[in-house]
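Protein chains: 2
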Amino acid sequence: MSQLAIPISAPARAALLAALKTDAAGLIPAIAQQHDTGEVLMMAWMNAESITESLTTGRVCYYSRSRKALWRKGEISGQVQMLVDLRLDCDGDTILLLVDQLGVACHTGRRNCFYRAPRGDALTNIAEPLIGPEALYRK
Amino acid sequence: MSQLAIPISAPARAALLAALKTDAAGLIPAIAQQHDTGEVLMMAWMNAESITESLTTGRVCYYSRSRKALWRKGEISGQVQMLVDLRLDCDGDTILLLVDQLGVACHTGRRNCFYRAPRGDALTNIAEPLIGPEALYRK
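Same order as they appear, the protein sequences are chains D and E.
Positions 69 to 207 (my numbering) are the ones given, in order, by the first sequence.
Positions 69 to 207 (my numbering) are the ones given, in order, by the second sequence.
The hints are simulated quantities; they were obtained by calculation from the structure and are not laboratory data.
Bear in mind the structure is a predicted one, so any value in this text is a computation, not a measurement.
Keep in mind that the hints are not guaranteed to be accurate.
[Stated by the list, open to error] With a cut-off of at most 30 angstroms between alpha-carbon atoms, the simulated DSS-like pairs for lysine-lysine come out as follows: (1) D:K89 <-> E:K89; (2) D:K136 <-> D:K89; (3) D:K136 <-> E:K89.
Turn these sequences into a full structure, and let the hints steer you where they fit.
Quick look at the structure:
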């Protein structure tokens with residue numbers, strides 16, 4: 069099987085959760101990569117509850133460290149991430165999510181969050197927003 | 069310019085370091101991606117010193133949290149990462165490194181570290197080592 073069958077089985081979910089090495093706050097960094105193009109979209113944090121929800125619903129749910137709550141990606145903006153696969157690294161302390169990103173991943177309206185790079189004598193923006201934040205977060 | 073000119077200028081380096089939001093230990097997570105294939109290879113941590121060294125030498129240097137020391141990737145194994153570009157995310161708290169990985173990135177001898185995935189009722193290995201760890205770390 070080249071990808072996840074969602075919802076994954078309870079034993080597989082338990083094996084995954086048992087293999088996680090979370091930090092002192094129970095969190096683990098998760099990298100989101102667009103499954104077909106390979107574009108790295110963003111990095112955020114997950115806990116056991118957000119992982120379980122993601123694996124059950126097939127929609128990516130993170131844990132927001134600033135809001136101290138589950139963060140269902142796209143809940144407000146509509147820019148959801150559908151889960152295609154989940155990989156755990158050798159040390160069990162980082163997750164790679166293969167996703168199908170609807171629209172844009174970044175809250176600035178850019179497709180991905182990694183748009184600043186050293187060029188010449190400055191740190192410059194190398195990508196432009198595809199949609200305005202006011203359009204993303206209007207009611 | 070589509071990639072970094074190494075060594076980058078002192079002003080660009082200063083701008084990058086000023087934009088970093090490191091954690092309480094002065095560290096920031098860095099994702100390493102193979103620049104041409106898009107393969108996500110690994111995630112590790114950097115501090116200001118390892119970033120400066122990477123940008124100066126063009127060889128990726130991390131900070132090892134277990135050894136509490138600079139970790140020049142490939143120093144022992146020979147599996148070095150040449151730096152192609154460095155991107156900072158919107159919040160300044162994650163780095164994306166575009167690299168050219170010589171050999172394998174993972175200490176298990178696999179090309180990348182993300183080789184465990186839920187399949188059926190288990191967490192299974194979906195990639196095999198390309199080289200034995202004993203060959204990677206022999207004197």
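Evaluation of the provided hints:
Of the supplied pair hints, the one linking D:K89 and E:K89 holds, its CA atoms being roughly 23 angstroms apart against a limit of 30 angstroms. With a C-alpha separation of about 20 angstroms, the suggested pair D:K136 and D:K89 falls inside the 30 angstroms cut-off, and the hint holds. Restraint check: the Cα-Cα separation between D:K136 and E:K89 comes to about 19 angstroms, which is no more than 30 angstroms; the hinted pair holds.
Going through the hint list in order, the structure satisfies each hint without exception.
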